[in-house]
Amino acid sequence: MATDYDIVILGAGPAGLTAGIYAARAHRSVLILDTASVGGQTVLTDQVANYPGVATTSGRALSQTMAAQARAFGCTIVPFARVSDVAVTGAEKSVAYRGGERARARAVIVATGGTPRRLGVEGEERFVGRGISFCATCDGEFFTDRPIAVVGGGNSALEEAVSLSRFASRITIVHEFDHFQAEPWIVAEARGNPKIEFLLSQRVLGFAGDGSLAALRSAHRETGEVTETPVEGCFVFIGYVPNSSMLEGQLKLSERGEVVTDGALATSEPGVFAAGDVRQTRVRQITTAVADGTVAALSALDYLNEEGL
Amino acid sequence: MLATNLEHIETEAGFRETLASNENVMICCGRMGPMCLPVYDVMETLTPDYTHVAFRDMAFDEPIGRVIRSLPETAGFMGLPYTVYFKNGEVVAATSSIQSMEQVTAILDQHFGAPA
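In order, the protein sequence lines correspond to chains E and X.
According to the numbering used here, the first sequence is numbered sequentially starting from 49.
According to the numbering used here, the second sequence is numbered sequentially starting from 1412.
In case anyone wonders, no lab produced these hints; they're calculated from the structure.
Accuracy of the hints is not assured; some may be wrong.
Unchecked claim - Here are the simulated distance ranges between beta carbons: (1) 227(E) x 1432(X): 56 to 62 Å; (2) 333(E) x 1414(X): 40 to 46 Å; (3) 330(E) x 1423(X): 52 to 58 Å.
Backbone N, C-alpha and C fix where the C-beta goes; we use that ideal spot for every residue, glycine too.
Can you make the complete structure from the sequences, with help from the hints?
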């Protein structure tokens, strides 16, 4: 049996929750579905210090406040929704979830966010929690006085490397290019840290060890020279993969799988809008996700009003 | 004490009592950190359906955390949270670091059975 909603929002991160607040406040019926808990990637942020109007908070607290606001305006939020089918082409759009429930929507906002990118190399899965980590705040102290590697060249990778220097005996930053995407100030800070070494233009081949992580193997991208770096820990910060696989063939996606939108955040399909990290954009911050959610909701409301829906 | 809606294990007596009075037990030993919070959320969500499983949490940094940290099955773990599954008081599975709903239910269904 299907339930009708004016707007179904896929994703309960900052973009989806903001879109829900705006749409429900306009007296539209709104269902927000997420395959995981409320908050998206924000929940994985220990401390948020650059959200205007909030001095410092945790990602979880910020998400819970947004969810409470959305519920107060009338949104139905379903975390861990086990979304199994998404059909957004044509006039009738629907989403199947929770093993048999179906929601029909007049408009859809895609705010499914992204998933941390994995290296996809030998040993990576085996050593997660046994040397390989994705959270310096959580696991840094396990590596006190031990050699570790940080894979990546963006802000997250270099900031976490500097942070981890409080614990680790030596940090090797392994990066695929000979330059960094990170901002110059953090590159300078990392270069000035006596515990940090650099291994650039590298392709990570895999991880080795007996029970616990013992080494990272990589090859120079031009010469092919293989390096085995002894490490007991490795933190991976190589960006995100957009959660758009369910929309392949239905919406125009970029080569990287991001949903392509116009200035109003409309996608290639009428009545479908996209917001936040899943869409093609250069900057991915909580603040930009919130802005996207606002624009997508207002565009969706315009669409419904213009179509007389 | 952890700020979750799960039942907390705070003493060794409570730990022993939990294992003695429940056939199937899942304990998540962690902090209120980014890798731990999603696992608590998964457990809270599963509680109404998995009535044959006792879901508990435990503070990693409190003295009680030693009962999980010192298990042979968690030796070599270097990622929070430590999650341990007990059947009839014996460890049947243990994981380190963040786990998804799918990963948790796979272990629960394998060792404790899916909900009726």
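Hints, verified against the model:
A C-beta distance of roughly 60 Å is found between residue 227(E) and residue 1432(X), which places it inside the suggested range of 56 to 62 Å. Here the CB-CB span from residue 333(E) to residue 1414(X) is close to 27 Å, at odds with the stated 40 to 46 Å. Between residue 330(E) and residue 1423(X) the Cβ separation comes to about 53 Å, which falls inside the hinted range of 52 to 58 Å.
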